[in-house]
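A.B. asks: Protein chains in written order, with our numbering: chain U, 15 to 186; chain S, 51 to 869.
The hints are simulated quantities; they were obtained by calculation from the structure and are not laboratory data.
Hints should not be assumed to be uniformly reliable.
Said to hold, decoys possible - Okay, the calculated beta carbon distance ranges per label pair:
{"#": "1", "chain 1": "U", "residue 1": "Pro111", "chain 2": "S", "residue 2": "Gly658", "range": "43 to 51 Å"}
{"#": "2", "chain 1": "U", "residue 1": "Ala92", "chain 2": "S", "residue 2": "Phe790", "range": "26 to 34 Å"}
{"#": "3", "chain 1": "S", "residue 1": "Arg162", "chain 2": "U", "residue 2": "Phe112", "range": "28 to 36 Å"}
{"#": "4", "chain 1": "U", "residue 1": "Gly109", "chain 2": "S", "residue 2": "Arg629", "range": "38 to 46 Å"}
{"#": "5", "chain 1": "U", "residue 1": "Pro84", "chain 2": "S", "residue 2": "Phe790", "range": "53 to 61 Å"}
{"#": "6", "chain 1": "U", "residue 1": "Leu27", "chain 2": "S", "residue 2": "Arg162", "range": "57 to 65 Å"}
{"#": "7", "chain 1": "U", "residue 1": "Pro111", "chain 2": "S", "residue 2": "Ala238", "range": "23 to 31 Å"}
{"#": "8", "chain 1": "S", "residue 1": "Ala829", "chain 2": "U", "residue 2": "Leu27", "range": "44 to 52 Å"}
{"#": "9", "chain 1": "S", "residue 1": "Val714", "chain 2": "U", "residue 2": "Leu27", "range": "41 to 49 Å"}
{"#": "10", "chain 1": "S", "residue 1": "Gly245", "chain 2": "U", "residue 2": "Phe112", "range": "20 to 28 Å"}
{"#": "11", "chain 1": "U", "residue 1": "Pro111", "chain 2": "S", "residue 2": "Gly245", "range": "53 to 61 Å"}
What the hints assert, rightly or not - With a straight-line cut-off of 25 Å between C-alpha atoms, the simulated DMTMM-like cross-links for lysine to aspartate or glutamate are:
{"#": "12", "chain 1": "S", "residue 1": "Lys793", "chain 2": "U", "residue 2": "Glu127"}
{"#": "13", "chain 1": "S", "residue 1": "Lys793", "chain 2": "U", "residue 2": "Glu121"}
{"#": "14", "chain 1": "S", "residue 1": "Lys793", "chain 2": "U", "residue 2": "Glu23"}
{"#": "15", "chain 1": "S", "residue 1": "Lys793", "chain 2": "S", "residue 2": "Glu819"}
{"#": "16", "chain 1": "S", "residue 1": "Lys793", "chain 2": "S", "residue 2": "Asp815"}
Note that CB positions come from ideal geometry on N, CA and C, so glycine has one too.
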Amino acid sequence: MSERGWQVESLILRTAARAVVAVLAVLALFIYWVGHNQPGGGFVAGLLVSAAIAVGALAYGAGAAARLVPWPAHALAALGLSLALGTGLGSWGFGHPFLTHGFGHFELPLLGEFELATAAIFDLGVFLVVLGTVKSILVAIATERGVPAPRPSTAGPAPPARDQATPDGGGR
Amino acid sequence: MTSTPMAPSASTTMLVLLPFLGALLMPLLHRAFGTGAAWVAVGVPAALFAAFLAQAPAVLAGRAVEERLAWVPRLGLDLLWRLDGWSLLFALLVSGIGLLVTLYAHFYLGAREDRARFFLSLLLFMGAMLGLVLAGNLLLMYVFWELTSVSSFLLIGFWHQSGNSREGALKSLLLTSGGGLAMLAGIAWIGASAGTLEFGRLAEGASDLAARPGFGLALSLLLVGAFAKSAQVPFHIWLPDAMAAPTPVSAYLHSATMVKAGLFLLGRLLPFAGHWPPWTPAVAGCGLATMLLGAALALRRFDLKSVLALSTVSQLGLIAALLGLATPAAAAAAAAQLFSHALFKGGLFLTVGAVDHAAGSRDIRRLAGLRREMPLTFLFSVLAALSMAGAPPLGGFATKELFFAATLAARGQGPAAGAAGWIAAASPWLATAASMLTVAYSLIFVHRIWFGRRPAEEADLRPHEAGPGLLIPIGALVAGTVALGLFPQAWAGPLLRAAAAALGGPEAAEALLLSPWPHVSLPFLLSVIALAGGVAAYARLGPLREGLDRLAQAVRLDGDATYAWAIAALERGARRLTRRTMTGRLRDYLGLIWLAVLALVGHALWRGGLYRLPALDLSPVAPAEGLLALGAVGAAILVVRARRRLVATAALGLVGAAVSLFWVLLRSPDLALTQIAIEAIGIVLLLLVFPHLPELPGRSDGPIGRGLAAAISIGVGLLIAWLALLGNTTRLFDSVAGFFVEKSLTEGGGRNIVNVILVDFRGFDTMGEITVLTVGGLAVYALVRLRGPASPPATADASETGAPEQTPGHRESGRRQER
Numbered sequence: 015m016s017e018r019g020w021q022v023e024s025l026i027l028r029t030a031a032r033a034v035v036a037v038l039a040v041l042a043l044f045i046y047w048v049g050h051n052q053p054g055g056g057f058v059a060g061l062l063v064s065a066a067i068a069v070g071a072l073a074y075g076a077g078a079a080a081r082l083v084p085w086p087a088h089a090l091a092a093l094g095l096s097l098a099l100g101t102g103l104g105s106w107g108f109g110h111p112f113l114t115h116g117f118g119h120f121e122l123p124l125l126g127e128f129e130l131a132t133a134a135i136f137d138l139g140v141f142l143v144v145l146g147t148v149k150s151i152l153v154a155i156a157t158e159r160g161v162p163a164p165r166p167s168t169a170g171p172a173p174p175a176r177d178q179a180t181p182d183g184g185g186r
Numbered sequence: 051m052t053s054t055p056m057a058p059s060a061s062t063t064m065l066v067l068l069p070f071l072g073a074l075l076m077p078l079l080h081r082a083f084g085t086g087a088a089w090v091a092v093g094v095p096a097a098l099f100a101a102f103l104a105q106a107p108a109v110l111a112g113r114a115v116e117e118r119l120a121w122v123p124r125l126g127l128d129l130l131w132r133l134d135g136w137s138l139l140f141a142l143l144v145s146g147i148g149l150l151v152t153l154y155a156h157f158y159l160g161a162r163e164d165r166a167r168f169f170l171s172l173l174l175f176m177g178a179m180l181g182l183v184l185a186g187n188l189l190l191m192y193v194f195w196e197l198t199s200v201s202s203f204l205l206i207g208f209w210h211q212s213g214n215s216r217e218g219a220l221k222s223l224l225l226t227s228g229g230g231l232a233m234l235a236g237i238a239w240i241g242a243s244a245g246t247l248e249f250g251r252l253a254e255g256a257s258d259l260a261a262r263p264g265f266g267l268a269l270s271l272l273l274v275g276a277f278a279k280s281a282q283v284p285f286h287i288w289l290p291d292a293m294a295a296p297t298p299v300s301a302y303l304h305s306a307t308m309v310k311a312g313l314f315l316l317g318r319l320l321p322f323a324g325h326w327p328p329w330t331p332a333v334a335g336c337g338l339a340t341m342l343l344g345a346a347l348a349l350r351r352f353d354l355k356s357v358l359a360l361s362t363v364s365q366l367g368l369i370a371a372l373l374g375l376a377t378p379a380a381a382a383a384a385a386a387q388l389f390s391h392a393l394f395k396g397g398l399f400l401t402v403g404a405v406d407h408a409a410g411s412r413d414i415r416r417l418a419g420l421r422r423e424m425p426l427t428f429l430f431s432v433l434a435a436l437s438m439a440g441a442p443p444l445g446g447f448a449t450k451e452l453f454f455a456a457t458l459a460a461r462g463q464g465p466a467a468g469a470a471g472w473i474a475a476a477s478p479w480l481a482t483a484a485s486m487l488t489v490a491y492s493l494i495f496v497h498r499i500w501f502g503r504r505p506a507e508e509a510d511l512r513p514h515e516a517g518p519g520l521l522i523p524i525g526a527l528v529a530g531t532v533a534l535g536l537f538p539q540a541w542a543g544p545l546l547r548a549a550a551a552a553l554g555g556p557e558a559a560e561a562l563l564l565s566p567w568p569h570v571s572l573p574f575l576l577s578v579i580a581l582a583g584g585v586a587a588y589a590r591l592g593p594l595r596e597g598l599d600r601l602a603q604a605v606r607l608d609g610d611a612t613y614a615w616a617i618a619a620l621e622r623g624a625r626r627l628t629r630r631t632m633t634g635r636l637r638d639y640l641g642l643i644w645l646a647v648l649a650l651v652g653h654a655l656w657r658g659g660l661y662r663l664p665a666l667d668l669s670p671v672a673p674a675e676g677l678l679a680l681g682a683v684g685a686a687i688l689v690v691r692a693r694r695r696l697v698a699t700a701a702l703g704l705v706g707a708a709v710s711l712f713w714v715l716l717r718s719p720d721l722a723l724t725q726i727a728i729e730a731i732g733i734v735l736l737l738l739v740f741p742h743l744p745e746l747p748g749r750s751d752g753p754i755g756r757g758l759a760a761a762i763s764i765g766v767g768l769l770i771a772w773l774a775l776l777g778n779t780t781r782l783f784d785s786v787a788g789f790f791v792e793k794s795l796t797e798g799g800g801r802n803i804v805n806v807i808l809v810d811f812r813g814f815d816t817m818g819e820i821t822v823l824t825v826g827g828l829a830v831y832a833l834v835r836l837r838g839p840a841s842p843p844a845t846a847d848a849s850e851t852g853a854p855e856q857t858p859g860h861r862e863s864g865r866r867q868e869r
């Protein structure tokens, strides 16, 4: 059940989903990349990929949809946070206040003039955080039925309570 | 003392960070090298000790060394380190005794113990304590203050399987952190009033600070924090329970360093609060009371560590009393006694640990005649205990002489009027009485456990001499206290004089005359009386103990019982409050939250006189926008009134679509894109959990509940609308939009202003938001995972989701973000 959670049995959906997921994925990357100069950015891009996962879950089941983005969700979010934080700390390394971005225009061989900005790394961090978080939420809720019960907390046997007046046992 | 600002090098910062770095490395090193990793832990305090010795000459010459790393200069928030005589004394104690204790702990802890965690916590504490004593301003000190509380908690609770350890750790944390909170309030006041939190500058502006109203309250709060940390009456109850910690921890934290943090603060406050009239009655009074009470309580205990704990309480009271007297002689005596106490008390704790390690017991009713099996430990214990009792020619005697001399001199030198004068006059006699009791319990460590015949039932105790790993640290400390007695001026004299000077000026330094040999004078007479009386008391220890027990029962003032009662009452009240407010229904939570918002914001608007609307300057509304707004409102009403969930969800999607269209009309493509994406994902999520939710409407309230809900909703709607109108028409300052439009391309490098704001201009906010998002995601994950196996999806189980009225308006809050 967990593997196939949410899956709707529909041939139309399955067929359409193939195209939709692919388009959404490419669109997300595009929107991320142009975000600095045109509408878009890391946040929307992350949401679009998550939408792709949602559609995939409807068509193929939650397990397969989760495999569309084969990395563990929490690792993605953690990586995104680290990127964002690292961008901030990086500027410290160059003697600037925290989270100062830099950008420059470079001549690349085939692409002509190109602008690179550290803000892209930060935005990538945002993208990954959104992707990871929403994916983890989606997958957690979708696969809920198959989750085993958690083990009771392992506290170990408590030694008998000791009076203050009597000393502890040996070795202490 | 002049301050020499050094070039902003980071050397002191590196020193303070070193233990933290060591702490971080402990798990890795232990995994790689096993128990040998402890030598790295030993190396850290060794390096620190050497570093501080290297810095000592400058400080001893009379200069306070300050290092400043600017952080937010405009707010006066700097990383300011201050090394003067007082903090150098502490720094050397922290690193020196830390070195010995770490070495001791390496041999004390068995191989099966979680040594990585132990040394991590120990080094964490070391760094925190170091930061505390080197901090140059109150706020920085407070940060490290709380960090010592936390690391002490970790260390006391090291053997967390034991209920005793857990409770002792909790008690210590609650009391010291509670005091710390009070202290924070006082610090805030001082910072606001004086405009600075730096010790140096506070001392300069002392007189006009003291004149301001509220100074008394602020200083009292600081005193509460100091007393709680240093286990003064009535906060002393945590220290005996803290003895559940491993003995090296007790020796390090709870006798030599952490508990002295309160005294450290008192010393720092002395230059600018010493002349405040209530200082002496409050501090000296509390100190003297603690001194007597601690010594009396120590006599009633049977556990060696408990005796030492209460003895520490008493000795801390002694030092506090000296700091309370606020005379130069008292300041000198305080510095000397503090140093001396660290030496003999640390040594005693470590010998008790050796006895425990070797004989397996700490109960004085079970131990006797150990001197045959543990001769060296016996020798060290006797020397340290005699020093504690104040017997010549040991260090404890020399510093106790200073103590008596200071109390005698206070009657002439010190404050004369009112309560202060009365306390100063009584102090020598109270001191003598407490010293008698001190001698009495010290003799337990000289005589009781080493001589005599063991009771028959204890024949299974097989004590053996402690190994060199344990004996060397003990020996070092005992050698220290002996050397302090025999030839103090050679090594400790300059250090103690510098510390005294930091407390009370050059007169204090001059008053520091340590001499090992008794010469006939009034202090010596008091010492003799104390020694004689103490020996007599020890000879009648049994009856004395019974008398004290009867007294305790008669007075019926039991700090531990009060604490237990307070905790139980707190838990009862919390349970009641939780039962009342946490009903499990989402509607109730939202109602409470929105009610609070209404009340607070409404109140603020009322106070600001903003309930009158200024002239409206609104742009004309195009017909398309008007229609869209009506459509959105209609859809929203449909959401609330719908009878079927599918209709409600579709209507919700309509609202979202309408808002998205609004963004498009207002030319905000980023916002529209985001809104549409979130709508899509949200609707998909909702549709997919539909089969598992009960049909609308769920449990419904009576008319009162519905009326209240309607009132709150309408109120919130009106409030938001009001705020929007206000925001549009009020011009308190220029709009920042112009700045963004100008600078976005030139300084941000992007044409999409919204994106540049998100990642560059306001990047810090975005970082905070994605952190919240991550945490929210983790919370959802945890909640889902913790629910365990759920019932099959066919039955619509109303109790399943915990909110029977799962209205479609419920979303994860982290995903709707205002952009």
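A.B. asks: Could you run down the list of hints and mark each one as holding or not?
C.D. replies: Evaluated hints:
no.	hint	verdict
1	U/Pro111 / S/Gly658: 43 to 51 Å	violated, 34 Å
2	U/Ala92 / S/Phe790: 26 to 34 Å	holds, 31 Å
3	S/Arg162 / U/Phe112: 28 to 36 Å	violated, 45 Å
4	U/Gly109 / S/Arg629: 38 to 46 Å	violated, 56 Å
5	U/Pro84 / S/Phe790: 53 to 61 Å	violated, 39 Å
6	U/Leu27 / S/Arg162: 57 to 65 Å	holds, 59 Å
7	U/Pro111 / S/Ala238: 23 to 31 Å	holds, 27 Å
8	S/Ala829 / U/Leu27: 44 to 52 Å	violated, 31 Å
9	S/Val714 / U/Leu27: 41 to 49 Å	violated, 28 Å
10	S/Gly245 / U/Phe112: 20 to 28 Å	holds, 26 Å
11	U/Pro111 / S/Gly245: 53 to 61 Å	violated, 25 Å
12	S/Lys793 / U/Glu127	holds, 22 Å
13	S/Lys793 / U/Glu121	holds, 24 Å
14	S/Lys793 / U/Glu23	violated, 53 Å
15	S/Lys793 / S/Glu819	holds, 24 Å
16	S/Lys793 / S/Asp815	holds, 19 Å
Hint compliance for this structure: hints 1, 3, 4, 5, 8, 9, 11 and 14 are broken, all remaining hints hold.
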